[in-house]
Amino acid sequence: MPRIRVEVDGETYEDDVEPRLLLVHYLRERLGKVGTPVGCDTTNCGACTVLLDGLSVKSCSVLAVQADGLPVTTVEGLSLDGTGDHPLQQAFHRAHALQCGYCTPGMIMASLDLLRDNPDPSEQEVREGLEGNLCRCTGYQNIVRAVRSAATEMRGREVTS
Amino acid sequence: MTEIGHARLRSEDTRLITGRTRWTDNLTPAGTLHVAYLRSPHAHARIDNVDVEAAKRRPNVVAVLSGKDLAEEQGALPCAWQVTEDMKLPAHPPMAVDEVRYAGEPVACVVARDRYSAVDALEDIDVDYTPLPPVVDMEQAVQEGADLVHSDMGTNASYTWVFEQGDLDAAMRDAPVVLERRFVQQRLIPTAMEPRAVLCEPDGSGPTMDFTLHSATQIPHILRLMLSVVTEIPEHRIRVVAPDVGGGFGSKLQVYGEEVLALLLARRLGRPVKWTESRSEGNMAAHHGRDQIQKVTLAADRDGIIKGLKVELLADMGAYLMLVTPGVPLLGAFMFNGIYKMDAYSFTCTGVFTNKTPTDAYRGAGRPEATFAIERLMDELAAELGVDPIEVRRRNWIRHEEFPYDTIAGLTYDTGNYEAATEKALALFEYDKLRAEQKDRRERRDPVQLGIGVSTYTEMCGLAPSRVLGSLSYGAGGWEHASVRVLPSGKVEVVTGSSAHGQGHETAWAQIASDRLGVPFEDVKVLHGDTAVSPKGMDTYGSRSLAVGGVALYRACDKVVEKAKAIAAHLLEASEDDLDFGGGRFSVRGVEAAGLSIQEVSQAAFAAHDLPEGVEPTLDSDVTHDPDNFSFPHGTHLCAVEVDTETGFTKIREYVAVDDVGTVVNPMIVEGQVHGGLAQGIAQALYEEAVYDADGNLTTTTMADYLLPSAADLPHFTTDRTETPAAGNPLGVKGVGEAGTIASTPAVVNAIVDALRPSGVRDVPMPCTPERVWTALREGGAR
Chain H
1 MPRIRVEVDG ETYEDDVEPR LLLVHYLRER LGKVGTPVGC DTTNCGACTV LLDGLSVKSC
61 SVLAVQADGL PVTTVEGLSL DGTGDHPLQQ AFHRAHALQC GYCTPGMIMA SLDLLRDNPD
121 PSEQEVREGL EGNLCRCTGY QNIVRAVRSA ATEMRGREVT S
Chain C
1001 MTEIGHARLR SEDTRLITGR TRWTDNLTPA GTLHVAYLRS PHAHARIDNV DVEAAKRRPN
1061 VVAVLSGKDL AEEQGALPCA WQVTEDMKLP AHPPMAVDEV RYAGEPVACV VARDRYSAVD
1121 ALEDIDVDYT PLPPVVDMEQ AVQEGADLVH SDMGTNASYT WVFEQGDLDA AMRDAPVVLE
1181 RRFVQQRLIP TAMEPRAVLC EPDGSGPTMD FTLHSATQIP HILRLMLSVV TEIPEHRIRV
1241 VAPDVGGGFG SKLQVYGEEV LALLLARRLG RPVKWTESRS EGNMAAHHGR DQIQKVTLAA
1301 DRDGIIKGLK VELLADMGAY LMLVTPGVPL LGAFMFNGIY KMDAYSFTCT GVFTNKTPTD
1361 AYRGAGRPEA TFAIERLMDE LAAELGVDPI EVRRRNWIRH EEFPYDTIAG LTYDTGNYEA
1421 ATEKALALFE YDKLRAEQKD RRERRDPVQL GIGVSTYTEM CGLAPSRVLG SLSYGAGGWE
1481 HASVRVLPSG KVEVVTGSSA HGQGHETAWA QIASDRLGVP FEDVKVLHGD TAVSPKGMDT
1541 YGSRSLAVGG VALYRACDKV VEKAKAIAAH LLEASEDDLD FGGGRFSVRG VEAAGLSIQE
1601 VSQAAFAAHD LPEGVEPTLD SDVTHDPDNF SFPHGTHLCA VEVDTETGFT KIREYVAVDD
1661 VGTVVNPMIV EGQVHGGLAQ GIAQALYEEA VYDADGNLTT TTMADYLLPS AADLPHFTTD
1721 RTETPAAGNP LGVKGVGEAG TIASTPAVVN AIVDALRPSG VRDVPMPCTP ERVWTALREG
1781 GAR
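If you're matching them up, the sequences are chains H and C in order. Residue 161 in my numbering sits at position 161 of the first sequence, with consecutive numbering throughout. Heads up: take any position in the second sequence, counting from 1, add 1000, and you land on my numbering.
So here's chain H without its partners, still in its complex pose (with noise of 0.2 Å):
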């Protein structure tokens, strides 16, 4: 079995996989990071999207030997101790973008790599960018007014820091 090394929300693991292991199944079942959920397993709802090497990645669809030695971060690293206190995510509770939240982890992921490729997007430009992110709850109104409002937060953090 080969050996990886990933670095997961800043904590650094090293376990003997199966090749075919997947990336969603190695965070959830062997390391117990089970804030990241499976909605599909074929990568058309995006519940399970996480960032590898910072880029958005759906970890149904990635082998866990493939994150081998590069970083991976979850919803539960996204905030200091979890606070939940990430722009995104607070922009989603005050927009009322989730209901069930199932999706909500990936859908907070795919919009900040949404967000770091195009800082300030306009309504159609979100709709478009989470486009392999499906919500069967909320109608995305919400969740696109979230995004957008998060934006503006993060553009406003970037200057005065």
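Each hint should be verified, as a subset may be incorrect.
[What the hints assert, rightly or not] Straight-line distance between alpha carbons at most 20 Å, and here's what the computed DMTMM-like set of lysine to aspartate or glutamate pairs gives:
hint, chain 1, residue 1, chain 2, residue 2
1, C, K1651, H, E125
2, C, K1565, C, D1628
3, C, K1439, C, E1391
4, C, K1651, C, E1437
5, C, K1651, H, E123
6, C, K1088, C, E1144
7, C, K1651, H, E128
8, C, K1559, C, E1646
9, C, K1056, C, E1123
10, C, K1651, H, E131
11, C, K1491, C, D1558
12, C, K1433, C, D1388
[As the list claims (entries may be wrong)] Beyond 12 Å from chain C on every Cβ pair, some chain H residues (computed):
hint, residue
13, E14
14, G54
15, E123
These aren't lab readings, by the way, just hints derived from the structure by calculation. For every residue, glycine included, the Cβ atom is placed at its ideal position computed from N, Cα and C.
Let chain H serve as the given structure and place chain C on it in line with the hints.
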């Protein structure tokens, strides 16, 4: 500030935005075994043999069992709704034994140390099937000599249910305008984002073994009872927990074979067992929704006044009757008349077996189908008479001064104001301006035509008065339970029998309790979704939570205040009649300084040193509330679409929804429910369909084939409200969970047909894909 009516941000969110959630699949107690199911690749086949020996020899495999191995103990899955005395109800084994009747039906299972080993071992199970002729078309299924889904029944018709009121024959005979239409409600897959999952932990051994079953379910209480009935494990030995549940939309209002089998496997193996479905398993084997063929006939006079309505339905049950399968289309029986007055109505529905996944409740359950038919017919009537579709509705709807109104379908609509909602919607939509643009585009023969669709809907929420359910032969009541405990420290626990899975009860219920008890919102904790915590309940579906469960809580709060008042009066040495209660404080009228807070009363009730005669210690209450009537949200939805007549592509340009859901506890949550409802209703109109091939194979088994709309597919919605409080409950609430879904589908299809009407198009079958729109144009143009 009063909490009721306040857009309070949700308490639930903290755990959901940080990933610190308790989805069922997140839970893995020590020693947990993982289950995987082998499912039938055939729509219909005899099982000649299942050989599990090779699979048993694989590493990490603990057990491999076929349906035959469990035949003695697995019982039959329940159907709680015997809609007619002679309804055909086939036995439905959790795991198929002799015959499979839909593709995806479980045939055998592997229990292994891990998920991967369990799935691997499925490869080594060898099943001999003899294929039987599949029944895939419900219209053919009810023809003489059709192949049978259940050969011992001699027919594919499960039941025929009839409702008649008034002299429909006379209405049809005398009416100058008679419109007959055939609409197809395509089969849909509810698709909650969280797949089904179940974990069962045994405790102890032998006949006193206890079980804790976590499941992604909407109905922990009903599930517990039903699991006990099916397995004969005593009810008090089963605890069901619905932890965080990732959406349901009706799909988790079910007693699934996999839940029964989790219990049986845990009992057999004495270890925790867990199963989580893959999305394709879910698409094949979690129940589907809709799937009706509707023949509807509307009679009217030359002024467009409706005289009568005839509804003839075929409803696809799929292969078996599940929890409320046969009753779902019948909920529509009371809704086909919509918001309109008429003298005669008849409704006939035949439930038909096919070799497909069973159908059951999906958001709206019977009401979207009915609303679609009547709202499509109203637009057709308007077109037939050359009258504006708003005007034809106005001539027929119940005027606000006519409430309460006894409808032709036998319901009493308590309140409503269709005029007000419609006026507001027309103004927001800029109706006249869009009509002018439509005229212009028509005259210019613009290849992109504009269509405007109207939907003035009502629906029945707050399922349901128990006596009504009894009269419909439903197997249970429609009450809900709440209890309120003011703890010794003055903090408050609210227990509800309603089981939220995204609706925000933890916030809204705390708002109600905060208001009624005069305690801070932050001091209230809402407990739900666990039969060991919430002693009784009828769970969450049918837009019932607030209208029934919320009212139970309202009453439970008042009961606590009543008890507290007696104690306060005693302690203050005043008469109860002289006490006022407000802002969480009892005060003696006219003596400003004399008073006690509800927290102080709670402390006194806990200490119990000095209570009035006959008053029990502790400050708490229990209420089981049975509603007197349904509640009837209504509203007006307007949709403008641009249809490219060259490609058939439809784009929603404007969508305005004005809903009247009565008093609103949390407007933010209400708006969110409307948004989500709209998305699902629009999805039925434009995108989604569960497709079977001629052999009965589901071809939409993944999200790549079954098209859930993404953010890029949906428009920005304009939503607003009118507020006519429900008369049937003290909160004045009606329910909002399903309204958007019910209203929006006909608004969109009406808009598409409106865009194409000049080309001779009178209908486009759903989902109105570009190909279907294009085809309708070619056929319409040829007429």
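Enumerated hints in conflict with the structure, sorted upward: Of the numbered hints, 2, 8 and 15 do not hold.
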